[in-house]
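Line by line, the protein sequences are chains A and B.
Position 274, counted from 1, in the first sequence is what numbering that gives the first Met the number 0 calls 273; the numbers after and before it change by one each time, with no gaps.
Position 289, counted from 1, in the second sequence is what numbering that gives the first Met the number 0 calls 288; the numbers after and before it change by one each time, with no gaps.
FYI, nobody ran anything at the bench for these hints, they're computed from the structure.
If a hint is listed, it holds; no wrong ones were tucked in.
Calculated pairs, BS3-like style, for lysine-lysine (alpha carbon to alpha carbon, straight line, at most 30 Å):
hint	chain 1	residue 1	chain 2	residue 2
1	B	K70	B	K3
2	B	K94	A	K94
3	A	K3	A	K70
4	A	K94	A	K46
5	A	K94	A	K247
6	A	K15	B	K177
7	B	K70	B	K325
8	A	K325	A	K177
9	A	K14	B	K177
10	A	K50	A	K15
11	A	K15	A	K46
12	A	K177	A	K247
13	A	K291	A	K247
14	A	K70	A	K46
15	B	K258	B	K166
16	A	K70	A	K50
17	A	K177	B	K14
18	B	K166	A	K94
19	B	K94	A	K247
20	A	K177	B	K15
21	B	K258	B	K177
22	A	K247	A	K325
23	A	K70	A	K313
24	A	K166	B	K94
25	B	K94	B	K177
26	A	K94	B	K247
27	A	K46	A	K325
So the chains spell out like this:
Protein chains: 2
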Amino acid sequence: METKTLLSAIEDELKKQVARLDEPHTQLYHEMLTYHMGWTDEGSGTKATGKRIRPLLVLLASAAVGGNWEKTLPAAAGIELIHNFSLLHDDIQDKSETRRGRPTAWTIWGVAQAINAGDGMFILANMAMGDLAETHPAETVLQGERIFQEACLNLTRGQHLDIDYEKRTSIETGDYWKMISGKTATLIATSMELGALFGGADADLRFAYRNFGHYLGLAFQVQDDILGIWGNEAVTGKSAASDLLEGKKSLPVLFGIEKDGNFAQRWTQSNITEADVPELAAMLEREGARQKAQEAADQMTDLALNSLRQADPKGEAGDELFALAKLLLIREA
Amino acid sequence: METKTLLSAIEDELKKQVARLDEPHTQLYHEMLTYHMGWTDEGSGTKATGKRIRPLLVLLASAAVGGNWEKTLPAAAGIELIHNFSLLHDDIQDKSETRRGRPTAWTIWGVAQAINAGDGMFILANMAMGDLAETHPAETVLQGERIFQEACLNLTRGQHLDIDYEKRTSIETGDYWKMISGKTATLIATSMELGALFGGADADLRFAYRNFGHYLGLAFQVQDDILGIWGNEAVTGKSAASDLLEGKKSLPVLFGIEKDGNFAQRWTQSNITEADVPELAAMLEREGARQKAQEAADQMTDLALNSLRQADPKGEAGDELFALAKLLLIREA
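The whole structure should be built from the sequences, with the hints applied where relevant.
Dropping the structure here:
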């Protein structure tokens, strides 16, 4: 079971699901979705599709509990479509003009159509989940759908907090964990849980997989925050320290604000320019924020790997899960 | 079974469903939804909630096929939540500043939060549908969910066309029917079909109910288009002829454009002011557009009532359905 095989099956399933909109009268609507998914128009290809990590986790979890990954494909597609629904709306909400190196949908087709395209992606995700009824008992499908919808609701809770925090001058680290639990960790946790459920795992085992996904998501986000300030542009593909320039309230920044030292003083004056960034990053590091964030990331990483060991994933898929976890968690700075 | 009893049960069920977001950390998120539903803040009350026609149709259909309407309440709530999800996003897409006499959500909380509130409403609608598993077999629930999701997709197809048509100078009446089938008729057709399904009707009977809803929706929309130009402000609650001022491509206008006479000439010059409206409306009437639209409305009304007779709804609920159909279709001009 090679990763390449899984990724190719995921892409086929996604295309099948999105083709529900491929009709003579809604060609343009369909095109918005295939563009965003990275399949059509200028710049399409693997760089534009994203890594499909979440659906890969669904399939690996289902295989690692002894299930048939092919029968779990609609759940994998459902998760990836939800992820892309949230990106479509997120880009509008954040006024982001590029995504994966290409213009975002709203910059091409306008805000009204991009909202609608996101809504369509969301509905297709739900329809994909319904397709699981072809290979699983109706009760299991309904159980999976409930887990899936709870995840969607958590995603919007996280999004609500994220938008709300942008306006607030002070937020605490407790707020931060709630926000990233919703925005980042929920969908990864649910990927693992749904994979385990449709692979045939019992409640205890599903819980272990879910926990792994939850902590993996948290660790990944904190690591991403660290790279957003001290990362190597060549590794992350985005400008290092751009988070400071954008005024993003990431975990190191919140630690710096809590510390109430030189960084906090400069940060609250705002008007941060590119020239200020190296000194601000250095201040944060001197005041211990980088170390504290790294400790948090390490702690979440330990919790993730402990949960995965507890889940005791089997076979090749199990090895792949450990490998993938390490790849995601131990990224080069 | 009084309508008042049904409406009160619908409101309770809706509040129960929306309360899923009533948590300490997302109070503001919850408030956006309760505000839009018409329950909280300035101007709340029956005027702000809307008429709840769609959920009422769900319950009446379920009772009219001999089912227990109380067990169908989650489907009624699901339909009404989808309707309100579409209004939340529609108001952003159309840049509408008021809805039911109150400021729209995006004008109060901003576009980003209002998009998210609509997304939340959508998820709550799906969760409401899942609640039907408490009182119905899992297979029936999955069948109902598929019908529900097809309706959602049709709604976004209609919305896509509506936004697209605003930019186009020429659209044909065929485009119009496709657009209102999605935007208006789908949800009413689905209200009837879901009511019949969860009331225990077989496929033929469900089809008759669905047809009734479909033609009811089309007839209602065409009637609304006519009132939008020649309606009495006191009856409709909105300024008569405002559709002409807004440049809305309603059915009479499309007939006028097809005719390619004086109206079409003036219409394509645009820059229509309030002073031009009476003459434009008179032109349209002279060129036969009002009569053609009325004939279309009458034809759809006949088809709706024929379908309802074919469905042969039973008991008090059946009488209510006929009464409601007549109330909706034969509105004073």
